[in-house]
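S.K.: Start from the sequences and build out the full structure, keeping to the hints where you can.
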Amino acid sequence: MYEKNGEKYFIVDSHMHYWNAAPDNWVKGAEQYAKGWIECFHAYQSLGPPETHWSIEHFQKYSEDDLMKDVFEDGHVDVAIFQPTYLKEWYAEGFNTTERNAALGEKHPGKFIANTRFDPRDGDVGLKTLQANVERYGSKGLKLYTAEWNNGSRGYKLSDPACYRYLEAAQNLGIKNIHVHKGPTIWPLDKDAFDVSDVDHAATDFPDLNFIVEHVGLPRIEDFCFMATQEPNVYAGLSVVIGGLMFARPKFFAKVMGELLFWVGEDKMTFGSDYGIWEPKWQIEGFVDWDYPGEEFSDFPRLGVAGKKKILGLNAARLYGIEVPAEYQLKDDTGGAPAEQDDAKLVDEAAPVAGA
Amino acid sequence: MTASTTAIGAGLGEQSPGPGPAGTGDTAGRPPGPPRLLDALGTVRDPELDEPITALGFVASCALSAAGDAQVRLRLPTYFCAPNFAFLMVADAYDAVAALPGVRHAEIVLEDHFASDVINGGVAAHAGFAQSFDGEAVGELHELRADFLRKAVMAGTDQVCRPLIVAGTDPARLRGMVLGDVPGSRALDRLRQRRAELGLSAGDDAPLLIDPKTGAAISDDAVPLHLRRARTTRISIESNGSICRGMLAHRYDSPGPGTEDEEDQ
Chain A
1 MYEKNGEKYF IVDSHMHYWN AAPDNWVKGA EQYAKGWIEC FHAYQSLGPP
51 ETHWSIEHFQ KYSEDDLMKD VFEDGHVDVA IFQPTYLKEW YAEGFNTTER
101 NAALGEKHPG KFIANTRFDP RDGDVGLKTL QANVERYGSK GLKLYTAEWN
151 NGSRGYKLSD PACYRYLEAA QNLGIKNIHV HKGPTIWPLD KDAFDVSDVD
201 HAATDFPDLN FIVEHVGLPR IEDFCFMATQ EPNVYAGLSV VIGGLMFARP
251 KFFAKVMGEL LFWVGEDKMT FGSDYGIWEP KWQIEGFVDW DYPGEEFSDF
301 PRLGVAGKKK ILGLNAARLY GIEVPAEYQL KDDTGGAPAE QDDAKLVDEA
351 APVAGA
Chain B
357 MTASTTAIGA GLGEQSPGPG PAGTGDTAGR PPGPPRLLDA LGTVRDPELD
407 EPITALGFVA SCALSAAGDA QVRLRLPTYF CAPNFAFLMV ADAYDAVAAL
457 PGVRHAEIVL EDHFASDVIN GGVAAHAGFA QSFDGEAVGE LHELRADFLR
507 KAVMAGTDQV CRPLIVAGTD PARLRGMVLG DVPGSRALDR LRQRRAELGL
557 SAGDDAPLLI DPKTGAAISD DAVPLHLRRA RTTRISIESN GSICRGMLAH
607 RYDSPGPGTE DEEDQ
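Chains A and B supply the protein sequences, listed in that same order. Heads up, the first sequence is in the working numbering, so the first residue is 1 and it goes up one at a time. Heads up, the second sequence is in the working numbering, so the first residue is 357 and it goes up one at a time.
FYI, nobody ran anything at the bench for these hints, they're computed from the structure. Every residue gets a Cβ at the ideal spot worked out from N, C-alpha and C, and that includes glycine. There is no bait here: all hints are sound.
Below, simulated DSS-like cross-link-like pairs (lysine-lysine); rule was C-alpha separation at most 30 Å, straight line:
| hint | chain 1 | residue 1 | chain 2 | residue 2 |
| --- | --- | --- | --- | --- |
| 1 | B | K569 | A | K191 |
| 2 | A | K69 | A | K281 |
| 3 | A | K331 | A | K281 |
| 4 | B | K569 | A | K157 |
| 5 | A | K88 | A | K111 |
| 6 | A | K111 | A | K331 |
Rough simulated footprint, nothing fancy, chain B against chain A, three-plus residues with beta-carbon under 8 Å:
| hint | region |
| --- | --- |
| 7 | 178-188 |
| 8 | 192-201 |
| 9 | 256-265 |
M.R.: Structure, rendered in structure tokens:
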């Protein structure tokens, strides 16, 4: 929790990682990709405040103790949601797998929710793995990285028939939340890999699932906004927006926030630190203090304390059925309940917190 | 770097002429050395960010030998920047440099990218995108380029219209205006150029507000949404450019020749 000016904020970090990208985990013959990936992530970290920058060695492989300190002890986070990214073509044990995350979560009951993932190109075997993961870890959410390389393929779309088969299966297993992360490659390569129209199709065809588009569709914020305004079950994941812009480019951060508040609204925006890219502490403290820097932003929607409480935790708590103590709930006179748009698809029961 | 080569480079070991092209004092009859090479590269844009690759810092170095061999090294903010846009930039750079008078041979090398070899080889062989990425692409990149030109037209619409609105023009009045009604500016030139590239009307008598897909004038009731979308598109493109600049600055110590800071920050 975080307290400022007498206001108490319940913090859900809805997008974070526990990876191993050190050379001991690089696949032989694919070292350049493993190295290129983690260096790219490290460049993102450079957009945060200098005192929060890590050496590349530390960034490649941080410890369990580092994570617990950065996220919970110093970082104000109450519940953190692991979002796995596999990349097994480049990282021998995977970059950040469901198993690795959940093993850490089991040691710290009540702190983590372990999401899992699927890759629609994995056929029947992948469906069985998905089922096993959901049963073992109680996952209510999935992270999908559409640019993952798999056996010669450079990616997939959410609207592919094979992906629909997986989404149906996931829904039948009780999954409610689909976190989507676009990347630079897809098949065929001549199309725009960052295009979000496939999310639009899937959101329409799976109205009982929530689609949280991570880093708000960056670098296609405009397409994301135009879509999200029409789809009641599409949410804006703020990972990268706060981390990448709030410190380094405050004017653009204000403009992007203004656009998101206009098109998407504070009920459908969720905070995610993207740890280990950025530590949550400065992001949360800065966001609570944040306001538009000056007159030129006067025609954007305002964001007050209630809105910040929703974005920093209450919206994600509702999507995942996380119980929030009364002292952190919005008072009746501070506006609507979080994540309460016309037909949010909420979990039937609280997502089991790993190891709880 | 040989003695007979003039070069502009960002690398520590290369000659660095400091800010601005070197040797611009005497232009009469001079060979197409690096300043003109840099001018040619300045006509190449990142299709996604709609800015010259020089201003973005994507040109690591360029050099031209006395014999007319041009060598250009390009770099991008990350190892995994989208390969289709990367291919377009390398191919466009090749075309711009090869077309310079006095250039006998052009070599464009994209460095530090997962698809460097495929892209560099494909451009050098004039192979096209689909052939270069055999089996991974079904077509060339014209459609992709046009999609992003349309975004550039939307962003440019905001760049042109916002100052008018700030100066007191009622947004509803923009609908009746033609391009010739707008005071001249760099933003207006740019908007006209992007519209012309798409084959859309760009003359003085052309409507200011058009649908970038069909070219049709925007109807009265659609003006507020059109302007809103134009602004969002501009913010998206400019924010992306801002992130790309930040990532590039982390990746490489020195700015490339021709680098310009972003306008808004």
